[in-house]
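Colleague: Going down the list, the protein sequences come from chains G and D. Counting the first sequence from 1 gives a position; my numbering is that position plus 19. Counting the second sequence from 1 gives a position; my numbering is that position plus 19.
Hints are not guaranteed to be accurate.
[Unchecked claim] The calculated label-pair distances, taken between Cβ atoms and stated as ranges, are:
{"#": "1", "chain 1": "G", "residue 1": "Lys-63", "chain 2": "D", "residue 2": "Ile-137", "range": "55 to 61 Å"}
{"#": "2", "chain 1": "G", "residue 1": "Gly-248", "chain 2": "D", "residue 2": "Asn-49", "range": "36 to 42 Å"}
{"#": "3", "chain 1": "D", "residue 1": "Lys-124", "chain 2": "G", "residue 2": "Arg-296", "range": "30 to 36 Å"}
{"#": "4", "chain 1": "D", "residue 1": "Glu-70", "chain 2": "G", "residue 2": "Ala-177", "range": "50 to 56 Å"}
[To be verified] Restricting the straight-line Cα-Cα distance to at most 30 Å, the calculated cross-link-like pairs of lysine-lysine (BS3-like) are:
{"#": "5", "chain 1": "D", "residue 1": "Lys-225", "chain 2": "G", "residue 2": "Lys-127"}
{"#": "6", "chain 1": "D", "residue 1": "Lys-374", "chain 2": "D", "residue 2": "Lys-127"}
{"#": "7", "chain 1": "D", "residue 1": "Lys-247", "chain 2": "G", "residue 2": "Lys-145"}
{"#": "8", "chain 1": "G", "residue 1": "Lys-225", "chain 2": "D", "residue 2": "Lys-306"}
{"#": "9", "chain 1": "D", "residue 1": "Lys-306", "chain 2": "G", "residue 2": "Lys-127"}
{"#": "10", "chain 1": "D", "residue 1": "Lys-306", "chain 2": "G", "residue 2": "Lys-124"}
Quick caveat, the hints were computed from the structure, so don't treat them as lab data. Quick reminder that beta carbons are idealized off the backbone N, C-alpha and C, glycines included.
Number of protein chains: 2
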Amino acid sequence: MKGKHNFSAGPAILPREVIEEAANGVLNINNTGLSILEVSHRDKDFMAIMEEARTLVKELMGLGNEYQVLFLGGGASLQFAMVPCNLLIDGGTAAYVDTGVWAHKAIKEAKGIGNINIIASSEADKYSFIPKNYTIPADANYLHITSNNTIYGTQMHAFPNSPVPLVCDMSSDIFSRRVDFSKFSLIYAGAQKNMGAAGATMVVVKESILGKTGRKMFSMLDYQVHIKGESMYNTPPVFSVYVCLLTMKWLKKNGGLAWIEEINRRKAELMYSEIDRNSLFTGTVVKEDRSWMNATFLLTKPELETTFNTMWKEAGIVGLKGHRDVGGYRASMYNALTLEDVQALVDVMKELEKKNG
Amino acid sequence: MKGKHNFSAGPAILPREVIEEAANGVLNINNTGLSILEVSHRDKDFMAIMEEARTLVKELMGLGNEYQVLFLGGGASLQFAMVPCNLLIDGGTAAYVDTGVWAHKAIKEAKGIGNINIIASSEADKYSFIPKNYTIPADANYLHITSNNTIYGTQMHAFPNSPVPLVCDMSSDIFSRRVDFSKFSLIYAGAQKNMGAAGATMVVVKESILGKTGRKMFSMLDYQVHIKGESMYNTPPVFSVYVCLLTMKWLKKNGGLAWIEEINRRKAELMYSEIDRNSLFTGTVVKEDRSWMNATFLLTKPELETTFNTMWKEAGIVGLKGHRDVGGYRASMYNALTLEDVQALVDVMKELEKKNG
C-alpha cells in the first residue's frame, strides 16, 4: 500500500482515515453489529448521519437557515436538468458562462426548458481561460457558472457580483478554499472529487428562490419535494452520504476551509512552479486562471512520453493521464492529496530533466 | 456481532461475505493499493466491475442480447419518471395496476407525461390482495406492474401475459425466485433490498421498445443515452454497483435463482405457518398473494405489544416494526436472511404464546 500517489481526476483520493472509518462502517456501524449497507435509512443511526451531514455543510460554508442542504442521487448531470426545471420561468431567460465541457452540457440540458443566453465563453480558445468582464443581464432568471473545470485545469479565483440568483457547479473544487458562499443562491457538487464517494450530489439552495416557475415537474426533479422530505423523499445514497460526513468531519477537525486552503495553495505553488521552471514541461492554460485542483501540462519534447510515463508509474504515481480533449498530463490535487504526493511528482519531473534536459 | 437477525425492509440484510468483501474493497480494490472509492470510473478496475455486473444480470435472468442492462443513480423513484418519458407516446395511454403506495407514486409521475389508465386496483381494500383477471388494453403503450409490495406484504406469484410491453418494478423481490424474465420489456429495481447497497438502480430494457416517442427529454432521463454510454454516461454510483456485483456473484456461486427460490420458499413457509398456527398472530393479506419477501402480521391481543417487542429485541431481532400505513409487524425475509433467522423469530412467537396464549 505504501508509496501510491493518487492524482486521479475523480472519483479521487480521499483521506486514509476516512477510508478506514468507511470500511469499519461497512462492517459494523455505530457498534450496532450491522453494516451501514443494511440499516434502514429511517433508522435513528442513519437519520443522525444525514442530519449531521446536512448541518456540517452549512457550518463549513458559514451559511444560515435561509439555505437548505440536500444529498441526492443521479450525479451533477441530473442537476444540469434540475436547475432550469426549478428556476427558469416560462418565457424567461437564464444566463450561462461557458467554461468547458461540463458547462456546455449544463447549457444543453437547460435549452430543453427555455431560453439560454451564453453571456461569455472561452470555447474558441479551447477553454484555456476563464471569461471575465461580462455583463450579467439584470432580467435573467439566474446566472450559471462552473467554478472549476477539471478537463482544462482552469478555476475561478473570483466570483461575479450577480444581480440575479447565482448558481454554481462546484463539483470539482467544493470545500477546497474559503469562499463567500452567501453570494450564491444555489451550489451543487457531485461528491466524488473533494467530498466523498460517487453516488451522492450535494445541493445547497436558498429556499426563497424556489417555487416561482409554476412548472409541473417530476417529483424527483423538484427541490421543494426533496426539502420537504428532509433529503429523504426516497431512499438516499446511504453509503455515499456517510462518506461525505466522514470527509467533512475530517475537514472540520483539522481546521476547516482556512486550513485546507493553505495546503491547497502550497500544493498548487509547488506544482506550477515546477511546470514553469522545468524546460521539459509547459502549462496549457493562462496563468491567472490556473486551477489549484487540476494542473494540466504538456511535455515540450513529446518523444519523452514513454520515458516519463515509465518514471512516474515506477514512483507509485497513478491517474496522471490528461483528458482526451486536452492530451498531455493532468495532476489532480484534491483536498486529500498531500504536499508530499505533489513533491513525489515534482521529483520525477526534475529527474526527467536531469537525464534528458 | 453474534445473534443479530435483520428483518429490515430496506436498506436490508446482505450476505456477510459480501459485506466483508465490500469492506476490503473500500480499503484496497484488486490489490491496487487504492480504495474502490478513489479509483476513476474509467479505470480498467472499475470498467471490469461494471461490465461483469451488467453481464451477470442477464446471465442470472437468462436474457439475451436484445436486452440492455443499466445501473443508474436516483433510485426507483426516478424510474417512475423515466418509464413514461421513454415509453409513453404523445396522445397514447399507459396502463397501470395499482397495488400499493409505490405503484401509486409511479402512476402519479406518469400522469405528468400523458394519459394513464388504471386497469386494476386493490386500493379500496387497503391493498390487501393482488388484482387479477383484468383486461389489458391492446392499444396501451405499455403495462406497468409492481411485483412485490413491501408495505402490505403482497406479491405477484404469476405474471400477466401482456399484449403490450410489460414494465415491472421489481425493487423488492428482484433475484428472489425463478421468473420467465423474457415476458418483460423493462424491469427496474432499486438495489437496496435484494441486490446491493442503496444508491444504484438496475434497469433491464429490451432495446427495441425505445426511441418511439419522439419526445425531447433530459439526457439523464433518456435510456438510450445511458445505453450508448454503456451505463457510464456520467459517473455511476461506483460503490453501489460494486456491492451489486458481489451479491450477484454470491448468488451465482451458490446456485443462482433456483437455489435462492428454494430457500425463500422454505423461509416463507416457516414464517406463515407460524402466523397461521399461533393464536396470538394474524396475517394482514389474502393468503394466495402473501409475499415471500415481506410477511405482515398483527397481534390478536394488542395488549401484548410491549411484551412481544421486548422479547424479540432481546432475541437480537431488528427491523420488525410494521410500516405506519399497516401497523403491526413486518418480517422482511430478503435473500440474505437465513432460515435460522426466521426460526429465531418463530421461536419468540411460540414463546409469547406459551406465556400468554
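Colleague: So which of the earlier hints does this model not fit?
Modeller: Violated hints (numbers, rising): 1, 3, 4, 6, 8, 9 and 10; every other hint is consistent with the structure.
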